[in-house]
Amino acid sequence: MSAPTRVLRAARRRQAVYWLYLLPGVLALTAVIIVPFGLNIFYSLHRWKGGLSPMHWYGLGNYADLLHDSAFWGSFRNSVWMIVAMVVVPTLIGLVLAAVLFDHVGKNVGSRTASLLRATYYLPQIMPVAVAGIVWNWIFNAETGALNTFLRDIGITSPPNWLGSPGTALPAVMLVLVWVQIGYPTVIFMSALQRVDPELYEAAELDGAGWFRRFQAITVPQIRPETYVITLTCTIAALKVFAPIYVLTRGGPELSTLVPSYYSFLNFFDKSKVGYGAAVATVLTLVIVAVATVIQVLQNRAARRDEEGL
Amino acid sequence: MATLTQARTRPVVAPTRTQDRHHRGALRWVVLAGCVVVALLMLAPFGLMVMNAFKSPADYSTHGPLTLPSSLYFSGLAKFWSYVDFPVKLWNSIWSSAAVAVLGTLLSLLTAFAIGVGKVKGRVWLVAVFLLANMLPQEVLLYPLYTMAQKVGLNNSPWSIVVIFTVIQAAFGTYLLASVLGTFPKALLEAAQLDGANSWRVLWRVVFPIVRPTLSVLMIFFFIWTWNEFFIPLVMLTTPDSQTVPIALASLQGDRMLDVPTLNAGALVSLVPTLMFFLFFQRTLTRGVTAGAVK
Chain A
1 MSAPTRVLRA ARRRQAVYWL YLLPGVLALT AVIIVPFGLN IFYSLHRWKG GLSPMHWYGL
61 GNYADLLHDS AFWGSFRNSV WMIVAMVVVP TLIGLVLAAV LFDHVGKNVG SRTASLLRAT
121 YYLPQIMPVA VAGIVWNWIF NAETGALNTF LRDIGITSPP NWLGSPGTAL PAVMLVLVWV
181 QIGYPTVIFM SALQRVDPEL YEAAELDGAG WFRRFQAITV PQIRPETYVI TLTCTIAALK
241 VFAPIYVLTR GGPELSTLVP SYYSFLNFFD KSKVGYGAAV ATVLTLVIVA VATVIQVLQN
301 RAARRDEEGL
Chain B
1 MATLTQARTR PVVAPTRTQD RHHRGALRWV VLAGCVVVAL LMLAPFGLMV MNAFKSPADY
61 STHGPLTLPS SLYFSGLAKF WSYVDFPVKL WNSIWSSAAV AVLGTLLSLL TAFAIGVGKV
121 KGRVWLVAVF LLANMLPQEV LLYPLYTMAQ KVGLNNSPWS IVVIFTVIQA AFGTYLLASV
181 LGTFPKALLE AAQLDGANSW RVLWRVVFPI VRPTLSVLMI FFFIWTWNEF FIPLVMLTTP
241 DSQTVPIALA SLQGDRMLDV PTLNAGALVS LVPTLMFFLF FQRTLTRGVT AGAVK
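Just so you know, the sequences run in chain order A and B. Our numbering puts the first residue of the first sequence at 1, with every later residue one more than the last. Our numbering puts the first residue of the second sequence at 1, with every later residue one more than the last.
No wet-lab data here; the hints were simulated from the structure. In this text, all values refer to a predicted model and were calculated from it rather than measured experimentally. Don't take every hint at face value.
[What the hints assert, rightly or not] Residues of chain B placed beyond 10 angstroms of chain A at every Cβ, according to the derived structure:
id, residue
1, R28
2, P69
3, K79
4, Y83
5, V88
6, L141
7, L194
8, D195
9, V211
10, P240
[Unchecked claim] With a straight-line Cα cutoff of 27 angstroms, these simulated DSSO-like cross-link-like pairs (lysine-lysine) come out:
id, chain 1, residue 1, chain 2, residue 2
11, A, K271, A, K49
12, B, K121, A, K271
13, B, K79, B, K121
14, B, K119, A, K49
15, B, K186, B, K119
[To be verified] Facing chain B, according to a computed beta carbon distance under 8 angstroms, are these residues of chain A, among others:
id, residue
16, Y21
17, F37
18, T120
19, C234
20, A237
21, K240
22, V247
Note that the Cβ used here is the ideal one computed from N, Cα and C, for glycine as well.
All chains should be built: construct the whole structure from the sequences, respecting the hints.
As structure tokens, then:
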């Protein structure tokens, strides 16, 4: 046996050892994620009441039924509002808060104050969503809730039933989600701003650029990577949102706050239409993967453009 | 950069010094006031919760939710504590989250070691699968996991939560750690191999000490994420003695027996463990949030 082949074989043996390290992870992933994912698709091709009841082959029937289901379409329309409440609004507010805390409060008032404020904004993020939902549910209560008591105190005689009427339930839920989310972009943007070269700002200031102009021309482009990370993670979270809906409105009133995840849950356990619920979940998965891919592609393209620009 | 050059060519109106300073001084306080107002709005729900957690039901029904309690009332806390059998839920939450934190981190390390250091074949695909697994909505796994747990007798046992979330969190951990270990200094690995260290020794004597800070951040994240998890525990844990804190609190909703002060006391008590945890690990955490973002 010549020396090179022995070296090669040794290298291959060394590689083979690493498969052992991979084994537990791959087995666990198969058992807990890949097999259930496959089973879910299998369920979605059947009519099934769940449990021990018989399964009836239905082909793509569940998916065809989805096309004519106004509740299904409504749930995805609400997903767009969830994205507004969990991505768009918090990112914009978080960007302004981070810039103000970093530029203004941190430099002119003191870094202690800035980090205290930052911790305050972040507080709702560490609260279990169920706890937050229960407190907000009571705040919004039409009769004894804090919000309506306050409104009556200042002279509004018949304040709305926030979570109980179709017109106000969605905005109320969105408000809670904005409150929950704000801290996340604020904290990430604040650390991103520390990365930006202060010389850029000094040069711009010498050129007479005002605060807003510097913000627009330097801050926003410099922290673009973080913006993409926030957009990606929060959009996925917004598409998956379940717990706030469950504790605040249960999708009601009149399905006005129904979201896809809650709709599939409803089909699984309330309506005993497991196949149909599985189809909703599968479509939701496809939407999430598609949206994540689009955001990732946009990010890669932007990064490439930046490299070429420099 | 184009906008910058534009700004340069534009004639600049320089305000007189003193006027500028005055203006700035006033503006500074306006901006600070704005930040404080936002902070107060963020804190308002917490304030309302604390205010009403220590108020007697009679006080609440006569004075409403917006006044301070006329005398401190602790029976709401006591009532919640015994009503939901809180120590049981607290213990379930603590041990299942801790188990997920430890096992999830360990599993992430082993898998990421094979991918990042071992450079096994097809690692790009493996990372993609782990990333995808993390992206899946839990609804798509829920019903199969529910029937599987029933078959193996893990329904209504926090162990089902441990198994499921160890894998879900490890999917994220693997994705993150694999990219960290992919850039692990080669010289260190080669030196260890020359010394005759096998892969197991390399993992624990060379790799582990260096990535320990990242691992501790992962552990804290896994603990908090599992603690706050709602959807799968809600379905899996239906008996009172198996439930975790968030599920126990949510199950109180719509319970007519419960008064508002007790509900607020319950919310407060359920928040305290995460709050303590957060304050304790705040430094590590903010570092972790930052590290994750710039990646």
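Hint-by-hint comparison with the structure:
{"no.": "1", "hint": "R28", "result": "violated (5 angstroms)"}
{"no.": "2", "hint": "P69", "result": "holds (14 angstroms)"}
{"no.": "3", "hint": "K79", "result": "holds (16 angstroms)"}
{"no.": "4", "hint": "Y83", "result": "holds (15 angstroms)"}
{"no.": "5", "hint": "V88", "result": "holds (17 angstroms)"}
{"no.": "6", "hint": "L141", "result": "violated (4 angstroms)"}
{"no.": "7", "hint": "L194", "result": "holds (13 angstroms)"}
{"no.": "8", "hint": "D195", "result": "holds (15 angstroms)"}
{"no.": "9", "hint": "V211", "result": "holds (14 angstroms)"}
{"no.": "10", "hint": "P240", "result": "holds (16 angstroms)"}
{"no.": "11", "hint": "K271(A) with K49(A)", "result": "holds (8 angstroms)"}
{"no.": "12", "hint": "K121(B) with K271(A)", "result": "violated (46 angstroms)"}
{"no.": "13", "hint": "K79(B) with K121(B)", "result": "violated (58 angstroms)"}
{"no.": "14", "hint": "K119(B) with K49(A)", "result": "violated (46 angstroms)"}
{"no.": "15", "hint": "K186(B) with K119(B)", "result": "holds (12 angstroms)"}
{"no.": "16", "hint": "Y21", "result": "holds (4 angstroms)"}
{"no.": "17", "hint": "F37", "result": "holds (6 angstroms)"}
{"no.": "18", "hint": "T120", "result": "holds (4 angstroms)"}
{"no.": "19", "hint": "C234", "result": "violated (12 angstroms)"}
{"no.": "20", "hint": "A237", "result": "violated (10 angstroms)"}
{"no.": "21", "hint": "K240", "result": "holds (5 angstroms)"}
{"no.": "22", "hint": "V247", "result": "holds (6 angstroms)"}
Consistency note: the structure conflicts with the earlier hints numbered 1, 6, 12, 13, 14, 19 and 20.
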